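First to last, the sequence lines map onto chains R and X.
Position one of the first sequence corresponds to residue 1 (this note's numbering), numbered consecutively onward.
Position one of the second sequence corresponds to residue 1001 (this note's numbering), numbered consecutively onward.
You may find that some hints are simply not true.
Stated by the list, open to error - According to the in silico footprint, chain X covers these stretches of chain R (three or more CB under 8 Å from chain X):
| no. | stretch |
| --- | --- |
| 1 | 32-41 |
| 2 | 46-56 |
As the list claims (entries may be wrong) - Heads up, simulated EDC-like pairs for lysine to aspartate or glutamate below, C-alpha to C-alpha not over 20 Å straight-line:
| no. | chain 1 | residue 1 | chain 2 | residue 2 |
| --- | --- | --- | --- | --- |
| 3 | X | Lys-1588 | X | Asp-1525 |
| 4 | X | Lys-1571 | X | Asp-1536 |
| 5 | X | Lys-1722 | R | Asp-59 |
| 6 | X | Lys-1369 | X | Asp-1428 |
| 7 | X | Lys-1723 | R | Asp-113 |
| 8 | X | Lys-1722 | X | Glu-1661 |
| 9 | X | Lys-1722 | R | Asp-58 |
What the hints assert, rightly or not - Per label pair, the in silico range of CB-to-CB distance:
| no. | chain 1 | residue 1 | chain 2 | residue 2 | range |
| --- | --- | --- | --- | --- | --- |
| 10 | X | Asp-1316 | R | Arg-66 | 36 to 42 Å |
| 11 | R | Asp-123 | X | Asp-1711 | 50 to 56 Å |
| 12 | R | Asp-58 | X | Val-1272 | 34 to 40 Å |
| 13 | R | Asp-123 | X | Asp-1553 | 53 to 59 Å |
| 14 | R | Arg-148 | X | His-1454 | 28 to 34 Å |
| 15 | R | Arg-82 | X | Phe-1309 | 53 to 59 Å |
| 16 | R | His-100 | X | Gly-1593 | 32 to 38 Å |
It is worth saying that the hints were derived from the structure and are not from the lab.
What you are looking at is a predicted structure, and each value in this text was computed from that prediction instead of being measured.
Idealized CB from N, CA, C, for every residue including glycine.
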Amino acid sequence: MTRFIPPAAVAASLLLTAFSACELTPAEMFEPELNVHCLLVAEHDTAAALVDRTYAIDDPYIVDFRGASVAVWTREDTWEFRELGNSWYKEYRFAPPVPHDTYGIRVTHPDFDTVAGSTIVPDTFSLLHPRPGDTIDQNDSLVWSRSRSCLGYYMSMEQATRRDTFFYTIVIPNESIPGWPYDSLTERVPLVFLQYREEGPCTLRLCALDQNYFDWMSGSGQGLGSVSNSMNAGITGGVGVFGAAVQREVAVYYRSDTSSSIQSRRKSDPLSGLIVKPPTSRRLPSGSEPVLSPCASPSATGRVSPGPALARR
Amino acid sequence: MTFLLLAAAFGQDGAVNGFVRDASNGEPLAFANVYLDPIGQGAATNDRGYYYIGGVPEGSYQLAASYVGYKTERRYISVEQGLTTTADITLDLGAVEVDEVVVSAERARFEREVEISATRLETRQLALIPRVGGEVDLFRAIQLLPGVISTSDFSNKLYIRGGSPDQNLILLDGITVYNPSHLFGIFSPFVPEAISDVTLLAGGHPANYGGRLSSVLDVVTKEGNSKKYTGEGSLSLLAAKAIAEGPIPKGSFLVAGRRTYLPDALLSAFDVEGLGYYFYDLMGKVNYAPSPDYAFTLTGLGAEDVLDFWDPDDRDNLNARLNWGNRGVSLRSNMILTPTLYGEVIGAWSNFFSQFRVSFGPADQAVLKTDLTDFMLKSDFTWYLADRHTLSLGTDLKAAQMAINITYDTTEFERRDTIWPLSAYVEDKWELVPERLFFRPGLRYSWYSKGSRHELEPRLGVKYKPWENTAFNVAFGRFTQPVLTLNSTEAVFSIYDVWVAVPRDRETPSAVHYIAGVEQWLQDDVILELEAYYKDYDNLLETRYGEMFTPPDSLLGADGYSYGAELMLRKTEGWYNGWVSYSYMWTKRSTRGESYSPHYDRRHNLNVVSNFPRLFLGVDVTARFTLGTGLPYAGIIGYYRRRFYRPDAGNQTWFWTRYIEGPRDAFRYPLYHRLDAGLSKTWKFKWGEVTGFLDVINVYYARNVLLYYWDTEDDEELPTRKKIGMLPILPTVGVKVGF
C-alpha cells in the first residue's frame, strides 16, 4: 500500500523544523578554569594565594574549594604553599620579595588546566608627606617619591571613628595624566576626600603596583587608568591575577578645623606650593574575604553585591 | 548612445500627456494605468499622477484611464504627427463594470516600471494593521513587509535585509527624517491619515536615491482636497488626532495634528509622581497650481517628545526636561517644461534636535543639546525621449551640520561638524523589446566634503517579461553613506539617534547589492513575488560592543554581508485581502577579526496580514500574525569571583562576582510570535460618518522575551536569569469622526 503524505503536511513540517531554533545550552559552552589571586608584597615574609574556580551559570559556588597545588619560585628558591581550606594557600616562611626580582607561579589541580604566570616586584618608594603623627586636613596632599618601575599606585585611607570605618581607595597611574602637573620625582594627590570625615586618627596607605596588578585593578573599574575587561592579568591557563606590590603607610591625625592644620602642613611639606586637581573617586565592591595578614586565619566569606563609592564596614 | 536618444526624441510620431486625479478630491493618482485603444500603447502615471505616452502614430484613439476602486474613464482623442495632445483625466469612485478589467497600481507598475524590491502601501492598506494603543502606525506596517525585521514590540526601527536602521533613507515629501520615532520607538512621527502612499525600496534602488546603504522609505503626503472642505477627528486611548483639508484658489491645503494625553493620565492613575510625558505631531501642506504646467507644494513638519521628571517633594531640588523632535519645511515645484520634459525641484530644511536640561537648584543647571540641520536642494528631471527611452537626471545637494553643546554653570563646550554631500545622477529606462525587456542603467556620482571623497555608484535594473503575467528581475547597485548614528548596536531602547559624519580618516562605508527575483500574477489581484539578494558591506563603522557610548574617533571598522530570500503573496482587492510574507536571512559582521551575527539577524520571519471588509454586520475584521525565529544575544555562561587586595581593610581580599559571557551571538531568544486582531464599523450619517474600532494586541498573550538579564538576590549565591517581556495582551478602543 502506498502511503500518501499531503504536500501541505510536508511543507508545514519543514517550516516548523526551520523555525525551531537550535541553540547550545550555557553548560555546553562553558569550560571551567582555575581562578587564582596572588599578590606578593615586598618586605613581607608571608605569601598567600586564593585559588578556586569559575562556575557555569547554573552551578552553585563552592566555598571550600580544595585540591590545588600552588608553587611560587624565584631564581634561588621555590615555595610550595600549604593548603589551609576555604580556598586559601599560604607560605609563612616566604623570603620577603625584593624589588626588581622576578617571581613565577604555577597552580595545578587534577581537574583543571594548569595556571602559570610571572611578575616583577616594583621599585621601592617613600612617603614624603605627611609625616607620622602630623595633623592634616582636607587641604593637604599625599606626596611620595615615585617608584620607577611600577605601573601605578593603589591609594587608600582608613579612619576608625566611633561609628564606622571609612575607606577611600583609588588607582593612580604612574605616568603623566592629562590635566595633572607631572613631576618625574614625586607624585602628589590631594586629600580632598577627607572633607566629610570626622576628626580623629587615620592611616593613609599606598601600594606601588606592578603591571599585572595595576591592570587587574584598573579592570575592576577603579582608578584613572584605562579599564580592561580582561579576566586575567599576568597568568595564563585560567582567570585571576599574579602580581606584586610595595606598600607604605603613615598614621596621622585628621583635623576638620582647617586653619590650624594648614600651618602644620606648611611646616612639614616642602612641596605645598603645587596646585593639584582632585582625583575622581570610583566605586568599590563590598564583598570581603578572609584576612591575608600573616597572623590572621581565614574565616568568613563575603557578600556578592556592588558596594558604594565610599564603602563602610 | 546620446545621438540615438536625441534622434529618438525628435521622431515624427505624436504623443499624449496629462494628469490623472481623483474626481472627488483632486488628489493625484499614482500608478494609474493609461492606454490607447485599440493600439494598446500606454503608460503608468508617476507618483504625481503625470503620464506621458510617446511614439503614438497619427490618428484617433480612445484614451482610457483605470484605477482600482474607480470607474474607468474613456474619451476620444486625436493625435497629430509631431504634436503632443494633453488630456487630464479625473476618475470617479465607483463600482467596476461587468467584464471590465481594471488594472491596479501594482499591476501598472508590473507592466511599465523597472522597480525591483519595491513595495508600495496606500493609506487604506495601513489601516489593515491592528493598532497599538489605538494608533495606526506607518512603520508598524512596514515591519510586516518581506525583508524587514523588527527587534521588539517597543521599537519601530526598521532592519532591512541585514542593514541597521541608520542605513535607511527616510523621506517625507523630500524632507530627510533623521529620527522617525516617538515614545522611545513605539510610534513614528507621521500622522497616518495625512499620508497618501509610501514606497519601500528594500534594495537595488534607482540612481535618484543615495546617501544610505540599505533602503529608501519614501513617504508622500496627500495634497489636500481641492474640491471641498473635509475634516476628521479621532480619539483613542493614547492620543487625539485631527485633520482638515480643503480648497484654496488654484490649490488645496491640508493640516493634521496629533497629541498624546494618556501617559500623563496613566501616571496619575498609578500614583507615579515626578514624571510626565507627551508627544505631538503637526503636519501642514499647501498646494498651489498657478497653471496646468506648474505646481508648488509647501510642506511643513513638526514633531516633538517631551519628558519631564522632577523631585516630587521639592521641585527646586531636581527638575529636568528631555525633549527631542523633528522639524522640517520643503518647497517643491513640479513643472512640465515641455510635454516630454517633466521636472521637480525641491528645497528642504530639516532639523532634528534634542535638549536635556537638568537643574539642582536655581544656580546649578546643566544643559546638553544636540542638533542636526540639513539643507537640501534636489532636482529631478524626467525626459520622455521616445516611447522606448525615459531619461532621468538630477542633482542632490546637501549641507548637513551636526552640533553638540554642553553648558554647565559658566562652562560651555561646543562641537560642530559640517558636511556637504553633493550628488548628481543620470539614469535611463530603456524598453529594449516593447513590453518584454526593460533596462534601467544608472550612475550616481557623489562628493563628500569630509575627507573630500569621490564616489561612483553604478546602478542597474533589468526586467524581462517572457509571458503576460510573469517577470524576471535582476538588479545591481553600489551605495555609499556619509553619515551614521552612534547608537549602541546592542541597545534595546534608544530615546533618539545621535548622527555624526564619517570621520575624515575613514573610508566611506559602502554596500553592493545583487538582487534577482520573479513576479507572477496568479489572478488579476493576486501577485506572488520571490526575490533573493546578496549584500556586501565594506568599511562599516560600528560602535564598540558592550560600551554605552562610542565617540566617533573610536568607532570600529567592520565588514560584512547579508543574504537571503523573500516571498510575498499579496491579494490587493476583494472580500479578503492582505499579504503573506516570508523572509529567510543571514547577516554577518566582522570586526577586529571577530565574526558575529548582529542582534537583528533573524533567520526566518513570517507575517500574515489579513483584512475581511464587511465580514459580518458591516464590520471590518483585520488581523496580523507574526512568527519569527529568535534573535541572537550574548548570554552569560558562567561566573567567577574577581578578587582584589584591600590593604586598608586589614589586608583582606574583597571580590565582585563577575559574569562570563559566551560568544557575542551564541544564544538566541525564543521563538517570537504574536497575533493582533481588530474590528471596526462605520456608521454613515448625512453630516459625515463615525467609525468605532476595537483592537487587541497579542490576542493569546504570547510571552515573548525582550531581553534576559542576570541578577543575584541579596542572600543568594547563585545568579539567576530573569526576563523582561514584550507587550502583554492589550485591548484598545477608539472612535473616529469624519465630516
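Next item on the list: Using the beta carbons of Asp-58(R) and Val-1272(X), state whether their distance is inside 34 to 40 Å or not.
Entry: Check passed, 37 Å falls within 34 to 40 Å.
Notebook entry, point to check: Are the Cα positions of Lys-1588(X) and Asp-1525(X) separated by 20 Å at most?
Noted result: Not satisfied, since the Cα-Cα distance of roughly 37 Å exceeds 20 Å.
Notebook entry, point to check: Given the proposed pairing of Lys-1571(X) with Asp-1536(X), does the C-alpha separation stay at or below 20 Å?
Noted result: The hint is violated at about 33 Å.
Note to self: Check whether the Cα positions of Lys-1722(X) and Asp-59(R) lie no farther apart than 20 Å.
What the structure shows: 16 Å, holds
Margin query: Need the status of pair Lys-1723(X), Asp-113(R): alpha-carbon distance at most 20 Å?
Written below: Answer violated: Lys-1723(X) to Asp-113(R) is near 34 Å, above 20 Å.
Notebook entry, point to check: Okay, Arg-82(R) versus Phe-1309(X) on CB: inside 53 to 59 Å?
Noted result: 57 Å, holds
Margin query: Given the hinted pair Lys-1369(X) and Asp-1428(X), is their Cα-Cα distance within 20 Å?
Written below: It is violated: about 44 Å lies between the C-alpha atoms, which goes past 20 Å.
Next item on the list: Please test the hint of 53 to 59 Å on the beta carbon pair from Asp-123(R) and Asp-1553(X).
Entry: 35 Å, violated
Note to self: Assuming the hint says 36 to 42 Å, is it satisfied by the Cβ distance from Asp-1316(X) to Arg-66(R) or not?
What the structure shows: Between Asp-1316(X) and Arg-66(R), where Cβ atoms are some 59 Å apart, the hint is violated.
Item checked: Verdict for His-100(R), Gly-1593(X) (Cβ pair) under range 32 to 38 Å -> 36 Å, holds
Checklist line | Per-stretch coverage check for the stretch 46-56 of chain R, three Cβ contacts closer than 8 Å to chain X | finding: Per the Cβ count (6), the hint holds.
Item checked: Beta-carbon spacing of Asp-123(R) to Asp-1711(X) - inside the hinted bounds 50 to 56 Å or not -> Violated, at about 43 Å.
When each numbered hint is compared with the structure, violations occur for hints 3, 4, 6, 7, 10, 11, 13 and 14.
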